[in-house]
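Chains as they are written, first to last, in the working numbering: chain L, 1 to 603; chain V, 604 to 904.
Read the hints as simulated data drawn from the structure, not as lab findings. Cβ atoms here follow ideal geometry from the backbone N, Cα and C, with glycine treated the same way. The reader is advised that the hints may include incorrect statements.
Now the stretches of chain L that chain V is said to cover, found in silico as 3 or more residues with beta-carbon under 8 Å [as the list claims (entries may be wrong)]:
| # | segment |
| --- | --- |
| 1 | 199-212 |
| 2 | 216-229 |
| 3 | 243-253 |
| 4 | 263-274 |
| 5 | 372-384 |
| 6 | 432-439 |
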Amino acid sequence: MSCSPQNNLVLRIGGESGEGVITVAESVCRIAARMGLYLSAYRTFPAEIKGGACMMQLRVSEKPIHHPGDRADILVALNEEAVRNNFDGLREGGTLIHEAGLEAPIPQRTGTRYLAVPFQALALETIGTLASKNIVVLGVLARILGLPPDQIEALLEEKFKKRGAVILENNRKALEAGLRYAAEHFQSGDEHRLSPTPQTGKLLMTGNEAAALGSLAAGVDCFFGYPITPSSEIMEYLARNLPRAGGRFLQTEDEISAIAGVCGAAWTGKRAMTATSGPGLSLMSEIVGLLSMAEVPAVIVDSQRGGPSTGLPTKTEQSDLLLAVYGSHGEAPRIVLAPATVRESFDLMVVAFDLAEKYQMPVIVLMDQAISSRLESVDADLLSGITARRGSEQKSDLAPERYRRFQLTESGISPRVFPGTPGFEYVSTGLEHDETGSPEYDERTHTILSAKRHKKLVSLAADPAVAQLSSRFGDESATLGIACWGSTAGAVEEAVAIANERGIPVQALVPKLLHPFVQSEWKPFLQSIEKLLVPEMNFTGQLATLVRSTYGVPTIRLNKLKGVPFHAQEILEMIEREAAKMESEMPGSPAEAPSEEAVRITR
Amino acid sequence: MATERGAAVATEEMEITESDGEPLSFQCYLGSLEPVWCPGCGDYSVMGAFVEAARHLRIPTHHLALVSGIGCSSRFPFFVKGYGFHGVHGRALPIAQGVKLANPELTVVVPGGDGDGLAIGGGHLPHVARNNPDITYLLFNNSIYGLTKGQTSPTSPHNLATKTSPYGLVGQSMNPSFLALAYGATFVARGAAVRRDHLADLIRQGIEHPGFAFIEIITSCSSFNTKHISITKVLQRMVEIDEPPSDELEAMRMAADPHDTYLGVFRKVLQPTLEQSLEKARELSQRTGVITAKDLLHQFQ
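Build the full structure now, drawing on both the sequences and the hints.
Written out as structure tokens, the structure is:
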């Protein structure tokens, strides 16, 4: 990918988990955001607590970006494994900064700039321990990137002041050692300077933080959860902050108890949620059906990871879509949303609570590890215009003796009265029931009440609240289209922009409401294209399956199953290949429906 | 299935909410459906004892939240007037915990069987017990699966022959009260369906107890458990406890006694309830003031 020298940087730092790689990368992110630059950063974790390889890649730009970049301009490798794992991720002509004196030979490539730095020795010389080695790395990077000294000083104080004067002073020395070494040994051509822009005041947060903050903004009253990677930060953030906002938080004994707690709390009229990952959603599936049957609102965040079973607990995947849409026995209508950016991880939580309450059913918000841990800059206005839209939960106009909790209505939505209200006592049940809530198993009731519950999805798909959720970009006259969801959208957005620049007509649709599909976003899109590409981080093509079964259109799938997100380059190659095929099929030959094929990235 | 109950409910009487005064009428607490239990089922007596306790405590029906799972006794919320949540098998306790946590004003009562509470839902009991929400759990112990027509339950005796244990039950029988004591429930009692007034008093004490009240109720299944637990046999072995023993180990010994069936309160201690603990956490968290999402934005600058 092309790279202008200024304010456009992809930096990757790799090392051993626990040696401060993430701290360094986050510090660079924080300072760049304060300099008024946009950021998108991605990190991987080992499944182990101590040790194991970890890396963080960050991308800086003057324009909003939702993709952490393909190959790095600068790679910092703190050990041999980090060189081995990440060298292919360094672009042609990029810079490798590595720990000096590694035993294994460093791979040689023409055009690559090599800078060996004795990080370890510098840390030991300066303060006698390796505790601040990462701050030596930060010092070296500060010099190369031209980070403003006052910003770094401020950041060090924020990080270390509360840990005592000695630790702060040691880290200052470590920073100085890094800066000095770089000044003495590097040449001016080694620099890749970032310069401040006037667009300051941005916020920097992860997808998990955005989702947690979004649920607070939506007025969540109760959270129940069980820790699970990669969603635990949502739970931890709310454990700390929900009580401060007046809500209640409970860690339960398992995910079944968590969703049961959500069910009980939501039944009383409170806004309740849980956050989990695939294994947890599997356990919750039975109660998802109960929530649907008893028409109780609930918000469930699933930050997807590699599956099935324990799978790849710390890696990303988009393989819970069909579970989210269909999981639970019987036919249990629910709503499925998927944010494509960190900002949307915030916005869609507000939407999720509103929709859950209005349509009285569970809402599953599908994130994935890549978006949960993605660090992105977000405009500071994210709270403006948020007002929680409470559903039709208030007391029915009907007299208590005529109240029917599951009354048949035009929209399928029945008047909801909360327990504690005198005169309206009713029972909610997972059994099939009549309008009053009494168990009833006759043929008529089951047909009518099933239709009533499903009718709410029809009403939802026509709701103005969901009309503007999707995003569509690229050349709208293009007959080559891409549909994608969740964290894949950032790479697609970038690939489409590059393809359009190169004169290849292609457009894309990113639905945020994945169930039910909104006709007004899908129909015009599908009508305008001839060929549909669906890239997904799963093996079977789950969005492609839904699109084919809903609209009967053929799809061309691109499935990546590596535990890491798509590169824009991978999407771009697919676009170029399919566009070329379309061109060769064009002249005079009868239009052939593209045969379905699963193209898997093997590189 | 169930027939609608014809009798009008005395709604005006329910307007009275002061807890002191004459007991409310029995009819106040009758739900919209007639019970569907088999003739001779012990559940009728338990329902009678519950209503007796509720009318003496003058609990307004709209403050009642009856939360249950699946099983014969779990149909209880349909037959008693109040707000009811009849959910899935085994999850009544964590749902009830969510109800109480979200709205502490409600009087939350969980009726359920030994299969619902100790087999499929057995993993929740220790945790709800240690959280100590102010809810009352009525564990109907009839030692058999009635709704599914006569399979073994966790409290069925070893070697019992049933449809699913034709050569004799392999596992040993669980002792619900003993478990509840071990799990640290702050109120543990055992009653029997055949002693309705005694049971009504235990349920009243359980509802009044601030915290998790576990009440094991020895009852009988008139259709599928007629052979191995004869009510007369249980009656002969019953010993009433006057006062909860001050010695924890003595309470456990009584609950586990293989010869005598002790009835009464085994433990009654005061510990912070879940609601109080969460309130304390909230106060602690708000020392520097109440926040909204806006107050957190600075963390991301």
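Tested hints:
1. 199-212: holds (count 5)
2. 216-229: holds (count 5)
3. 243-253: It holds: at least three residues are needed, and the segment 243-253 of chain L offers 9 whose Cβ sits within less than 8 Å of chain V.
4. 263-274: That given contact holds, which follows from 9 residues of the segment 263-274 of chain L lying within Cβ reach (below 8 Å) of chain V.
5. 372-384: holds (count 3)
6. 432-439: Result for this restraint: holds, n = 3.
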